[in-house]
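Let's have the full structure, built from the sequences with the hints guiding it.
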Amino acid sequence: MFETYLGISTDYIVIGVAGFAVLLLILILIQAARISALKKKYESFMKGKNAKSLEETLIYRLEKVDELDQKNDNNERILKEMKEQMVSCYQKMGLLKYDALDEMGGKLSYTLALLNEKNNGYVLNCVHSREGSYSYIKEIIDGNSIVGLSPEEDEALQKALNGED
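Each residue of the sequence shown is one higher than the one before, starting from 52 at the first, in the working numbering.
The calculated lysine to aspartate or glutamate pairs, modelled on EDC-like cross-linking and capped at a C-alpha distance of 16 Å, are:
| hint | residue 1 | residue 2 |
| --- | --- | --- |
| 1 | K158 | E203 |
| 2 | K143 | E168 |
| 3 | K143 | D205 |
Between beta-carbon pairs, the in silico distance windows are:
| hint | residue 1 | residue 2 | range |
| --- | --- | --- | --- |
| 4 | P202 | Y141 | 17 to 27 Å |
| 5 | K90 | V116 | 27 to 37 Å |
| 6 | E118 | Y141 | 36 to 46 Å |
| 7 | S186 | Q142 | 15 to 25 Å |
| 8 | Q142 | I188 | 11 to 21 Å |
| 9 | I129 | I188 | 29 to 39 Å |
| 10 | K90 | M137 | 53 to 63 Å |
Source of the hints: derived by calculation from the structure; they are not laboratory data. It should be emphasised that the depicted structure is a prediction, and the values quoted were computed from it without experimental measurement. Think of the CB as a built atom: it goes at the ideal place given N, C-alpha and C, for glycine as much as any other residue.
See below:
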């Protein structure tokens, strides 16, 4: 027919159109592969489910999330209450066993310091002798005692303040 069309050889036009058709065919094959993979994922997701059962599953999951939120809120409230209660609990302890009298051995006497978070509490001193055991208690406020402490009581108090056993 025409050897040239608009100054371009028809052979080149045919080759260009064929190349464009091959490119479109490749793009169609790539898209078909993507659609096939997406279809497999969709079928796997919807396996055994219709729209109603999928909706029921979503509602069930949302209810579970709400339930977990409520439990989490309850746990946070409980933790807050426990932290408030811990302020008054004895959290620090210092214990010192010693021989109160030279003639007595076995370290049967002891001093126990019990302090809360604010370093308030008591020092309990139990002195053991042949005649009996005697207990003394001294109040501790902000890590200090109004009444003088014996060296053993002071050592137990320092252990409690420093977190030593």
